[in-house]
Amino acid sequence: MMPDLGTYATEVTLAYLGSLALIGGLTLWVWLRGRRVRAELETIENRSERKRHG
Amino acid sequence: MSTTSLWEYANPVKFMRLSGQVLPWVAGLAALLVGGGLFWGFFLTPDDFRQGSTVKIIFLHVPAALVAINAWVMMLVASLVWLIRRHHVAALAAKAAAPVGAVMTVIGLFTGAVWGQPMWGTWWAWDPRLTAFLILFLFYLGYIALWSAIEDADTAADLTAVLCLVGTVFAVLSRYAAFFWSQGLHQGASLSLQPGTRMDWVYKAPLYACMAGFTLLFVALLLAGTRTEIRARRSRALMVRERMYA
Amino acid sequence: MIALLTRDLRLAFRAGGGFGLGLGFFLVLAVLVPLGVGPDPRTLGLIAPGILWVGALLACLLSLDRIFALDHEDGSLDLLATAPIPLEGVVAIKALAHWLTTGLPLVLVAPLLGVLLNLAPPAYGWLLLSLLIGTPALSVIGAFGAALTVGLKRGGLLLSLLVLPLYIPTLVYGAEVVIRGAQGLDTLTPLLLLAGITAGSAAILPFAAALALRVNLR
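The listed protein sequences correspond, in order, to chains Z, U and F. Anchor point for the first sequence: position 44 equals 44 in this note's numbering, and the numbering is continuous, going up by one each time. Anchor point for the second sequence: position 151 equals 151 in this note's numbering, and the numbering is continuous, going up by one each time. Anchor point for the third sequence: position 129 equals 129 in this note's numbering, and the numbering is continuous, going up by one each time.
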């Protein structure tokens with residue numbers, strides 16, 4: 001299944017693994033930050049809601 | 001009676017609604033194209049006569065470089081929209097695009113360097129294209145740093161927008177300077193990293209798939225990031241109000 | 001306008017005004033590089049144009065935050081913004097003052113440091129000319145960077161990060177003039193490009209800097 005990458009096997013594998021790691025890391029960061037900020041907003045909005053409705 | 005224009009989505013509420021509906025589809029399609037395209041390129045393409053298996057790196061390098069440049073162009077347009085029409089969504093979109101563009105630039109640099117290894121024998125060579133990308137990375141860093149350094153959101157939006165404008169001019173100038181500068185090297189040191197016009201369909205097809213996939217990935221991360229920035233801005237506004245009326 | 005210029009010049013020359021700081025740094029760099037790279041005259045001669053230009057860049061950086069920060073702190077920047085001179089003019093004058101107190105001295109001292117770095121004899125004239133044409137760009141670009149960061153307490157490092165990439169075209173063409181001059185090659189192309197960048201920067205950046213100042217003064 002693995003293609004015979006010949007002499008350049010390390011380089012090509014490194015390129016793919018490294019890039020996928022960077023893409024994965026970026027996506028993870030965007031997603032986690034999104035979740036955190038969303039949770040913060042909900043907390044604050046609930047606080048204001050409660051204050052207004054006694 | 002309002003005619004539907006793109007400007008409606010400058011309204012944060014409308015933007016949140018539309019982007020919320022669109023995001024899952026864009027993200028899904030992006031995953032499909034990136035995953036499928038890379039799988040195709042890595043496993044199913046033949047080795048090149050001259051470059052061996054390193055030709056497979058093209059499926060990472062070219063799409064990443066494409067997005068790296070386009071992200072900056074998008075930031076430029078968004079900065080102009082902010083400066084002229086004061087739509088907060090535009091400013092926040094530019095802010096959200098920057099980290100994505102920066103990471104894509106790094107991927108472009110990394111894959112470009114690795115691709116060059118078999119040709120140049122070193123892990124880094126000051127090829128003019130790579131050098132221009134390194135310079136672009138510096139511009140991304142400066143832009144992101146400026147956003148982080150300034151407390152007031154509107155001031156930060158204004159200053160980073162001006163930086164983006166001036167930065168674009170100098171980034172273009174730097175690109176030409178990098179090519180001028182590398183003439184000092186003897187010819188043959190510059191590796192043509194662009195797909196030649198003679199590229200076989202065997203390579204073109206997965207390449208286009210990856211280019212489309214990477215672009216959609218950028219859009220997905222951009223939408224997600226902008227939504228986060230809009231929420232963060234609202235959080236801050238509510239916190240300020242809390243403190244005022246506490 | 002002239003009054004503003006003389007005022008800024010006088011401030012720079014006073015004790016603690018920063019004059020001489022750039023020169024001192026330039027000299028230190030010209031000593032450090034051979035110490036780091038080895039005394040082989042051939043190596044030094046090869047890298048001298050680049051070292052001198054990079055040194056000029058870095059030395060200029062040192063006094064950039066002074067361009068607006070002092071006036072901003074004591075409120076005179078607000079006064080200048082409402083003065084009859086347009087803010088763009090204020091920026092241009094301040095950039096000029098910076099050049100006269102930092103850039104120009106560097107130009108004059110550079111040939112001496114060229115001797116230390118074994119710069120090839122034909123290159124000295126080109127060194128002077130390229131620095132003379134290029135350093136004003138460094139001051140104007142620096143003024144733009146200073147305008148962006150004027151509101152920040154410790155903006156010095158950020159200022160460097162923002163400004164150094166903007167310096168790249170000037171650096172490339174300026175150093176190229178000296179390198180080609182050292183080999184006796186034709187220097188017209190890089191010289192024209194260098195002059196173009198200086199002229200373009202001087203024409204456009206005062207407007208961008210004034211815009212940034214107005215934002216920061218709000």
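No lab work stands behind these hints: they were computed from the structure. Remember, it's a predicted structure, so these values are computed and weren't measured experimentally. Don't take each hint at face value.
Unchecked claim - Cβ-Cβ distance ranges computed for the label pairs, FRET-style:
{"#": "1", "chain 1": "U", "residue 1": "A212", "chain 2": "F", "residue 2": "V115", "range": "38 to 44 angstroms"}
{"#": "2", "chain 1": "Z", "residue 1": "H53", "chain 2": "U", "residue 2": "Q21", "range": "26 to 32 angstroms"}
{"#": "3", "chain 1": "U", "residue 1": "G36", "chain 2": "Z", "residue 2": "L17", "range": "17 to 23 angstroms"}
{"#": "4", "chain 1": "Z", "residue 1": "E49", "chain 2": "F", "residue 2": "R154", "range": "49 to 55 angstroms"}
{"#": "5", "chain 1": "U", "residue 1": "Q21", "chain 2": "F", "residue 2": "L192", "range": "22 to 28 angstroms"}
{"#": "6", "chain 1": "Z", "residue 1": "E42", "chain 2": "F", "residue 2": "F207", "range": "41 to 47 angstroms"}
{"#": "7", "chain 1": "U", "residue 1": "K14", "chain 2": "F", "residue 2": "F13", "range": "21 to 27 angstroms"}
{"#": "8", "chain 1": "U", "residue 1": "L18", "chain 2": "Z", "residue 2": "E42", "range": "52 to 58 angstroms"}
{"#": "9", "chain 1": "Z", "residue 1": "N46", "chain 2": "F", "residue 2": "A83", "range": "38 to 44 angstroms"}
Glycine included, each C-beta is placed from N, C-alpha and C at the ideal position.
Quick rundown of the hints versus the structure:
1. Against the hinted window of 38 to 44 angstroms, the Cβ-Cβ separation of A212(U) and V115(F) comes to about 59 angstroms, which falls outside the hint.
2. For the pair H53(Z) and Q21(U), the supplied restraint of 26 to 32 angstroms holds, since their beta-carbon distance comes to about 30 angstroms.
3. For G36(U) paired with L17(Z), a C-beta distance near 18 angstroms keeps the hint of 17 to 23 angstroms intact.
4. Separation of E49(Z) from R154(F) is about 40 angstroms and departs from the stated range, judged on CB atoms against 49 to 55 angstroms.
5. About 54 angstroms separates the C-beta atoms of Q21(U) and L192(F), a value inconsistent with the hinted range of 22 to 28 angstroms.
6. Between E42(Z) and F207(F) the Cβ separation comes to about 44 angstroms, which falls inside the hinted range of 41 to 47 angstroms.
7. Between K14(U) and F13(F) the beta carbon distance is about 58 angstroms. The supplied range of 21 to 27 angstroms is therefore violated.
8. Our hint of 52 to 58 angstroms for L18(U) and E42(Z) is violated, since their Cβ atoms are close to 21 angstroms apart.
9. As the Cβ distance of N46(Z) to A83(F) is approximately 51 angstroms, the hint placing it in 38 to 44 angstroms is violated.
Hints 1, 4, 5, 7, 8, 9, counting from the list given before, are not met by this structure.
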